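These protein sequence lines are chains A and B, in that order.
Note that the first sequence covers residues 10 to 139 in this note's numbering.
Note that the second sequence covers residues 5 to 212 in this note's numbering.
Hints are not guaranteed to be accurate.
The following label-pair restraints were derived from C-beta to C-beta distances [as the list claims (entries may be wrong)]:
#1 A:Gln-54 / B:Glu-144: 48 to 58 Å
#2 B:Ala-33 / A:Leu-119: 17 to 27 Å
#3 B:Gln-134 / A:Asp-68: 30 to 40 Å
Residues from chain A that face chain B, not an exhaustive set, calculated with beta carbons under 7 Å [what the hints assert, rightly or not]:
#4 Leu-66
#5 Ala-70
#6 Tyr-76
#7 Ser-87
#8 Glu-91
#9 Gly-113
#10 Ile-117
#11 Ala-121
In short, the hints are calculated from the structure, not lab data.
On a predicted model such as this, the values are computed, not experimentally measured, just so you know.
Here a beta-carbon is modelled for each residue, glycine too, at the ideal position from N, C-alpha and C.
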Amino acid sequence: MDILQITILGVLASILYILLKEVHASIAFLIILITGIVIFFSIIQQIQLIFETIQRLGDQANVQGLYLTTILKIIGISYIAEIGAHLTKDAGLNSVSKYIELAGKIFILLLAVPIITAVIEAIIGFIPNV
Amino acid sequence: MRIDIFTDWVTQIILFIILASVIDLLIPANHLQKYVRLAISLILILILLQPVFYLFNTDINSAISSSMNNIESQLHGQPSIENQIDLEKREIESGQDAYILEQMAIELEKIAADSLREEFDAEIASIDFQFSVTDSVSYEELTEVIVYITESEPGEGAMNTVEDVVIEWGNEEEEQADELLQEIEVLLKEIWEIEEKEITVYWEGEGL
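Model the full structure from these sequences, guided by the hints.
Here it is in structure tokens:
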């Protein structure tokens, strides 16, 4: 989907939202939800292209596949957490959006844990046993 | 050699920094950003430390994958001790099975060696066993015995017989070889007394 189409979709959705807000609040929120999901899925295909490029570049640079998959997973988690957090924030559930962000943080750290342990173990391994 | 490693290292760092800047642009700008940055910088540290690992002979890949496995087994909620015990048990069992098979192969080779040498001037290079159920070593499940044979080398004092030089068409030669293999199969079946199982004989190096 083009950037033009996405923008028009967004503008149309916001106009509809303003019109419907007074009459039917729940349907207005449904419009936001659907718009968000449509835009997200149209973007995902483009992101796939970028991810493939990153993977190819990483392979060329001899960066280990483990690191690259970790990074890509982290990016995916941050995107999904962001979208969920924004949607819930739009629905007026600020606390739920905070929880989603918290979950995102924790999952990112969880993915980083093996790397952290590897660094720490390596550093401990350098220290000679006296 | 040394300079190769060095150039590899430097290219890796440069390309990774470029990649990291692209990724930095990709991630959504909220407070998740710092966590992503932390992870990326940790990976950069690992790449920077690579020559040191090389010096200290640390296998960083195995270290990372082992800790990855640990995390995954914890994530799936199974008690990891049970998992480990199970894994070790399976390892020991498979080791025992492999040992039994090896011993069996040696015994079979010993039994058949003399008559093979007398009749066909050949000896067994190796024996493979195929079972209908994997992970199980029993006579009932044995489906096929694959025997690789080589021409036996004459021992000390043995006469080197000059082979007849016969020029033939390739086809006939192949047929002859097939017949020979079949004869060996029959002989082995008789010697090992396993008439109801399949025995396949190959020349060493021919493969399947």
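Checked hints:
no. : hint                             : in the structure
1   : A:Gln-54 / B:Glu-144: 48 to 58 Å : holds, 55 Å
2   : B:Ala-33 / A:Leu-119: 17 to 27 Å : holds, 22 Å
3   : B:Gln-134 / A:Asp-68: 30 to 40 Å : holds, 38 Å
4   : Leu-66                           : holds, 6 Å
5   : Ala-70                           : holds, 3 Å
6   : Tyr-76                           : holds, 5 Å
7   : Ser-87                           : holds, 4 Å
8   : Glu-91                           : holds, 4 Å
9   : Gly-113                          : holds, 6 Å
10  : Ile-117                          : holds, 4 Å
11  : Ala-121                          : holds, 4 Å
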